[in-house]
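Student: Chains as they are written, first to last, in our numbering: chain A, 1 to 347; chain B, 1 to 84.
Fair warning: there could be bad hints in the mix.
What the hints assert, rightly or not - Distance windows between CB atoms, simulated:
hint, chain 1, residue 1, chain 2, residue 2, range
1, B, M31, A, T152, 25 to 31 Å
2, A, Q222, B, A65, 32 to 38 Å
3, B, R70, A, G157, 22 to 28 Å
4, A, P112, B, H63, 40 to 46 Å
Source of the hints: derived by calculation from the structure; they are not laboratory data. Even glycine gets a Cβ: it sits at the ideal position worked out from N, Cα and C.
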Amino acid sequence: MDIELRQRGRASMDFLVSFGRAMSISEAQLNADIARAGIVPEDLPDDLEELNTAMETALADSHALHMRDLVFEWTSTRHGAVAREAMEEILDDIQPQLRDLSDGSTQITTFPHFTPPDYLEGVEIHRTTGGWDGHPHQGLIHAEMVHKRYVTAMYGGGIFNTRRAVLDNLPRKDYRRIFEMGVSSGFHTLGLAEAFPQAEISGCDVSRAMLEQAQRVANERQLKWKLYVGCAEDTRLPAESFDLVSSFILLHELPAHANRAFFAEAFRLLEPGGAVIMTDVPPSREHDKLTAWRYDRGAKYGGEPYWREAGLLDTAEIARDCGFVNVRAFKEPTGGNYWVTIGEKPL
Amino acid sequence: MSAPVRKALTPDQIDNLGYALIELAKELWVMKDRQMITEAILRQKGVVLDLDTYQPGPDLTAHIAAERTRFLNAFAAVLFHEGA
Ligand SMILES: C[S@@+](CC[C@H](N)C(=O)[O-])C[C@H]1O[C@@H](n2cnc3c(N)ncnc32)[C@H](O)[C@@H]1O
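Full structure from sequences and hints, please.
Tutor: Structure (structure tokens):
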């Protein structure tokens, strides 16, 4: 979608990005404080809670750390609202466009048995009021404002390439019936459609607001996806009805038991010879201690309540426990910081 | 007798003050940005057009971005200045 913001919304979004970048001058200051505090990474505890306590104690006097906390706290609690306000300013103007795009070959159905999962109750993911369903146009706000204008500007556009590039790691090139878990606004779904243009694509997400954006993305390109409002761990779709099940950055947002259930459901949904590919952030054991501390702390205060627990899982072991074979878990070779888990259902 | 000197804020209110300041910086930025656009429009047309929907072209976008960076770098320098 081509969206033109009004002056206030545009300037506010620009502010968020430039503010974040300007604050990065404190990075060197923090590193200097870490060095001055005599922290020896190898001597730090493995346990993330103990690691955090050790770091906070050692850096209690770090001006840079406290100021960064202030900046991060403001940014993480306000970015969602700034994005929402920018979108609300133009909502009336773009209503006709939204109406047009909701009409097309991609439709949304709710699984009849769907009830929102307990583990998401009261969770305000990314500290956004109401989380993924916090606004009737949350999909539009997140995809067009937060993701395209903020996350991409702050962290680079590589994530868009990765959503397609990870699929090159799969053992086959001819998947025909694909199911995506955690479709959200359809960014990875587009990667799937591009990599496997002949395939029929289905997918689910617990948030209708996010799926409405995925629907617009698909209809804009005349793509025909079957989108379901529902839990990926309990689709009740026929067993063995897909040859590829994929997810992209879904796992870290959910508790360990849900992650295990995603792999089990993927196994059930796949026909023999089919593959699962789940891409997410690397597990914490893959990081050095200082990086692990930064990620863990960022997640704790950034509205990622299950990041730590999900990051302790061994996804390859989970996949094997579910019955997958030829299981591989590795860092995505084309760049970025992504962990790919692939397994095949035995013939 | 001179009035007693008092400390208005308690330490745990300092964060609120910090957030309010950043909020203020954002609002100020919105105004500065708006003003630059006003000037550009006035220069170009001699009349005030709709500021809300005006989309700055590449040159003005770059000019605004440079000014925003300068403005925020100065802000960051104060925030991270030690021993204040
Ligand atoms: C980070 S987003 C996924 C991003 C997306 N795949 C992409 O490439 O942009 C995570 C999504 O998972 C959804 N979600 C959370 N719990 C879920 C569940 N149990 N089943 C399906 N989707 C779920 C959320 O609503 C959210 O839209």
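Student: State for each hint whether it applies.
Tutor: Now for the hints, and whether the structure bears them out:
1. At about 26 Å, the CB distance of M31 (chain B) to T152 (chain A) agrees with the hint of 25 to 31 Å.
2. One distance hint, 32 to 38 Å for the beta-carbon pair Q222 (chain A) and A65 (chain B), holds here, with the actual separation near 36 Å.
3. At about 25 Å, the beta-carbon gap between R70 (chain B) and G157 (chain A) stays in the expected band of 22 to 28 Å.
4. A beta carbon spacing of about 56 Å between P112 (chain A) and H63 (chain B) contradicts the range 40 to 46 Å that was offered as a hint.
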